[in-house]
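Asker: Read off the chains here:
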Amino acid sequence: MAQAPALPAGFELPLEPRLPRIGSVDQVAVEERAATLAKRSIKREAKVFALELAIRMTDLTTLEGADTRGKVAALSSKAIRPDPSDPNIPSVAAVCVYPNLVETAVERLRGTTVRVASVATAFPSGQSALDIKVAETRDVVELGADEVDMVIDRGAFLAGRYAKVYDEIVRVKEACGEAHLKVILETGELGTYDNVRRASLLAIAAGADFVKTSTGKIPSAATLPVTLVMLEAVRDVYEETGRRVGVKAAGGIRTAKQAVQYLVLLHETLGAEWLTPDLFRLGASSLLNDILMQLRKEKTGRYQSPDYFTLD
Amino acid sequence: MTRLPVKKTYKLFIGGEFPRSESGRTYLAEDQNVARASRKDVRDAVRAARQAQPKWGGMTAYNRGQVLYRVAEMIEARRDEFADLSTGAEEVERAIDRFVWYAGWADKLAQVVGSSNPVSGPYFNFTVPEPTGVVGILAPAEPPLAGLVSRLAPPLVGGNAVVAVASEAHPLAAIELAEALATSDVPGGVVNILTGHRAELAPVLAGHMDVNALDVTGEDGDVAELERLAAENVKRVVRGNRDGQSAWEAAAFLELKTVWHPIGV
Amino acid sequence: MGGGGLGPPGPAEPMSKLDRRGDRAPIPSAWEYAPAPESREIVALEERYGSFVNGEFVEPRSGEYYTTIDPAREEPLAEIAQSGPEDVALAVDVARAAFENGWSSRPASERSKYLFRIARLLQERSREFAVLESLNGGKPIRESRDVDLPLAAAHFFYYAGWADKLEYAFPNRRPRPLGVAGQIIPWNFPLLMLAWKIAPALAAGNTVVLKPAETTPLTALLFCDLLRQADLPPGVVNIITGDGRTGAALVKHPGVDKIAFTGSTEVGKAIKRELAGTRKSLTLELGGKAANVIFDDAALDQAVEGIVNGIYFNQGHVCCAGSRLLVQESIYEPVIEKLKRRLTTLRIGDPLDKNTDVGAINSRQQLDKITELVDSGKEEGAEIYQPPCRLPERGYWFAPTVFTNVAQSYRIAQEEIFGPVLSVLTFRTPDEAVEKANNTPYGLSAGVWTEKGSRILWMAERLRAGVVWANTYNRFDPASPFGGFKESGFGREGGRHGLEPYLGFDGAEASGG
Chain V
1 MAQAPALPAG
11 FELPLEPRLP
21 RIGSVDQVAV
31 EERAATLAKR
41 SIKREAKVFA
51 LELAIRMTDL
61 TTLEGADTRG
71 KVAALSSKAI
81 RPDPSDPNIP
91 SVAAVCVYPN
101 LVETAVERLR
111 GTTVRVASVA
121 TAFPSGQSAL
131 DIKVAETRDV
141 VELGADEVDM
151 VIDRGAFLAG
161 RYAKVYDEIV
171 RVKEACGEAH
181 LKVILETGEL
191 GTYDNVRRAS
201 LLAIAAGADF
211 VKTSTGKIPS
221 AATLPVTLVM
231 LEAVRDVYEE
241 TGRRVGVKAA
251 GGIRTAKQAV
261 QYLVLLHETL
271 GAEWLTPDLF
281 RLGASSLLND
291 ILMQLRKEKT
301 GRYQSPDYFT
311 LD
Chain F
313 MTRLPVKKTY
323 KLFIGGEFPR
333 SESGRTYLAE
343 DQNVARASRK
353 DVRDAVRAAR
363 QAQPKWGGMT
373 AYNRGQVLYR
383 VAEMIEARRD
393 EFADLSTGAE
403 EVERAIDRFV
413 WYAGWADKLA
423 QVVGSSNPVS
433 GPYFNFTVPE
443 PTGVVGILAP
453 AEPPLAGLVS
463 RLAPPLVGGN
473 AVVAVASEAH
483 PLAAIELAEA
493 LATSDVPGGV
503 VNILTGHRAE
513 LAPVLAGHMD
523 VNALDVTGED
533 GDVAELERLA
543 AENVKRVVRG
553 NRDGQSAWEA
563 AAFLELKTVW
573 HPIGV
Chain X
578 MGGGGLGPPG
588 PAEPMSKLDR
598 RGDRAPIPSA
608 WEYAPAPESR
618 EIVALEERYG
628 SFVNGEFVEP
638 RSGEYYTTID
648 PAREEPLAEI
658 AQSGPEDVAL
668 AVDVARAAFE
678 NGWSSRPASE
688 RSKYLFRIAR
698 LLQERSREFA
708 VLESLNGGKP
718 IRESRDVDLP
728 LAAAHFFYYA
738 GWADKLEYAF
748 PNRRPRPLGV
758 AGQIIPWNFP
768 LLMLAWKIAP
778 ALAAGNTVVL
788 KPAETTPLTA
798 LLFCDLLRQA
808 DLPPGVVNII
818 TGDGRTGAAL
828 VKHPGVDKIA
838 FTGSTEVGKA
848 IKRELAGTRK
858 SLTLELGGKA
868 ANVIFDDAAL
878 DQAVEGIVNG
888 IYFNQGHVCC
898 AGSRLLVQES
908 IYEPVIEKLK
918 RRLTTLRIGD
928 PLDKNTDVGA
938 INSRQQLDKI
948 TELVDSGKEE
958 GAEIYQPPCR
968 LPERGYWFAP
978 TVFTNVAQSY
988 RIAQEEIFGP
998 VLSVLTFRTP
1008 DEAVEKANNT
1018 PYGLSAGVWT
1028 EKGSRILWMA
1038 ERLRAGVVWA
1048 NTYNRFDPAS
1058 PFGGFKESGF
1068 GREGGRHGLE
1078 PYLGFDGAEA
1088 SGG
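Chains as they are written, first to last, in this note's numbering: chain V, 1 to 312; chain F, 313 to 577; chain X, 578 to 1090.
Each hint can be trusted.
Facing chain X, from chain F, some residues (calculated, C-beta under 8 angstroms):
# : residue
1 : Tyr-374
2 : Gln-378
3 : Lys-420
4 : Gln-423
5 : His-573
6 : Pro-574
7 : Val-577
Here are the simulated DSBU-like pairs of lysine-lysine, each with C-alpha atoms no more than 30 angstroms apart in a straight line:
#  : chain 1 : residue 1 : chain 2 : residue 2
8  : X       : Lys-931   : V       : Lys-43
9  : V       : Lys-43    : X       : Lys-917
10 : V       : Lys-297   : X       : Lys-931
11 : V       : Lys-217   : V       : Lys-71
Hints were generated in silico from the structure; no laboratory data involved.
None of these values were measured; they are calculated from a predicted model.
Backbone N, C-alpha and C define an ideal beta-carbon position, used for all residues, glycine too.
Isolated chain V (complex conformation) (with noise of 0.2 angstroms):
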């Protein structure tokens, strides 16, 4: 895996004054876009593939306050067996918790293809010390997880000082040792599609093997035109290096219909060699079951009822 080498403190990255004139995105030409694709119409067959796609790329989340080692159980449960009445239907890509449910999440996804994701970084502000959201990320990964949601220092990316947030970057992936790294960029604070598209080529840069929208912690968070923004980025990097950085879309994304059109998004823009939970991922909790009784209504021809799909 590529690495970028960590940089001295105080390094000021040559390109620092210059990113703000990285990449301009039209913002009505791209939402327009996005809207374009949002209308493709995806029906029977083509919409069953993409449901359980959709369920395959699922993050499963729970990031509240008052979680539990209870609650973390049964959304582990959930996560391996989304619908106990139908053995075919796949699990989850992960479940992702705080950094306190990580040892729970673990004990229960043991042997399963569920994997472990753990937020991390001061979550979901990243307001903290750099050493303390290092020590966190370390923390985590010795626990166990899989992947680690870091957050980049959005004032600091507002405030101009990329090398900041490019070195924070960095030595979180240094920490993260073999588990794989989402960064977050919290778009929804990011103000601009050009914001978006810098950061995206940024996080790349420092080492991300993912860059994913937002925290859900926002009232703004994924969007199909943010989305798109990003899998464009990476495809520009995929153009000129080779190298497949992955895409997860957060936040508000509840209903079957927004999943299939983001997996729309992403096969018109990628291919169809990027229908895979290693580069795309959905960051949900509601939307499982909703994806579940679309299923079902495939199945059987009827609009279904939230009372016959456990909670968890």
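Assemble chains F and X onto chain V, guided by the hints.
Answerer: Just chains F and X now, with coordinates in the frame of chain V:
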């Protein structure tokens, strides 16, 4: 055996809903107990208008025109009720046609009021109209429907939100209009209609610091006191036609913004 | 972004931690979207249609009919009247009578309300019209549903609002209607072109005789049913069907006060010659060979989307299509690479499938013309690229095409192809871009892609085109005047200016050629 009818309660129209006055008071008009709005109702109405205005002003002009045409559809569907509450069918037809007339202005005002300006120097310069914001209206005492409509449509078409004080003696047509508005596609809060005593409500509206313009067409007498109150936040004070129509009525509630941009390679 | 930060080239590596467990499902080689057809049921077709004159369908005096087809399946849809000179004369007389007996003397607010009614009815019956448009013309249902129909309704809405406000549009000029307007429209946007013609003509107080294109009469005929629902007084709008001969008869008829024509430059010139010396007013909206100019600081992915939209929207059957790509040499390679890749995701097929991006070519005749020009491009030495696509067996189809290595002198860079064919040329400086863009007898439209505001305005000032799109393309609105410079025609449609061709003014001749 004649059937006993269910009598209507006449309430205020604020934020797309029909609340009673927070004061709980009513007054007698046209033989009905009509809500007597208080200064707090004015406060609530202005707040609702301010909150709704960005969405209304941000809609495309075409959409606003379609919404106003729908209002005309709703009034037409209630012709008979309106005729009973006003001077008659002829006034109702005039009010409907007035809404249709203004509906057709929404996506044309900028072409008549705005301009591109041939300045000296390599600059592209254009002037565009924008809504002033929240407009307070003192409706004419009569005609009870056409008078209110004549003052309501001009600020609406340009994207403003409105707080209107209805005719004191003949408020029922205004409330019927509120019901028609509530069933059209006008977003809640874009039009707010208060009934009550003019002398109690006008000064509050005139002095409110978050109202951008005051339409005093419906005030027959001396408006000097209202203008003095309005001066505190430099409101635009407008006196127009109580029962007529013109593009310039709408233009009175528009601000003009001029933009410069260099032309160069 | 420079440096090794983005990672050196190399094969994609599986994450080592994931080797031990994780999703082992095979990655698909393709994701096929299932067919998503819009139902045809909503359209009820007659077997045979007469023309619509004086509020009812009448048989052609000529007794002749021809068959109109579905170009995606080459199947017949209905028989259409081939109107002869007698039929044209009848329609014009009826329009004249309607004009004199009241249409122009009705209160303007009434004209306004009729137009509002028509707009509302189009919205109500929008799906029905959209399906019929795609069936008869070949354009994708997504476009007829989301672009043609909403715009057509919007045109009626917009001009409804002007009908009783003419004194504001032309202060102190005392506008008055001209009388009978003869209108001839093309097959690329049948219903929309009908709306562009009829709405301003009626708003201004004229009556109309309109001839839809030979291959696409059906939505115009369905529109007559809508006029009946709107209760429009008989004779105000008359629709006569037929081929070029019918159009010629309409142009020649002395009872017509104004001719409006949208179509090929060749026919436009013939009409102008025919009308020389007469007092008939004329507006022409003809062909184009628009330059779509991409600067190196453009928002690249969005610019590529704009190129695609500029030439493949409506199969390239667009007079203002961005058929010449002028790309700044410094970004030639990334643009062409992205463009070619983007073409592989275009879906060509059944116009009634909701996922279709590019539909059928409108007729055998047009297909032959496109093929001939594309062959000439290959012969003259341009390099051709077409994405792999499965074209249906029946019907008229042409794969989206890009020509690189094109010289200005090649026929594919000079002549209007009116198909999904893009010619790519390069430039180095803004001056050169302007020179090349303007180096054509046409002047309908142009596109400019750059993030620099001052350059947008600088280019807009210098491009000899009636419509300049900056950082967008193929945007239409009833409030926005549309029309050409030079051989792309004269007169404007849309906006306040779109009323002018349909009015006479105090003492002065009506506008137009």
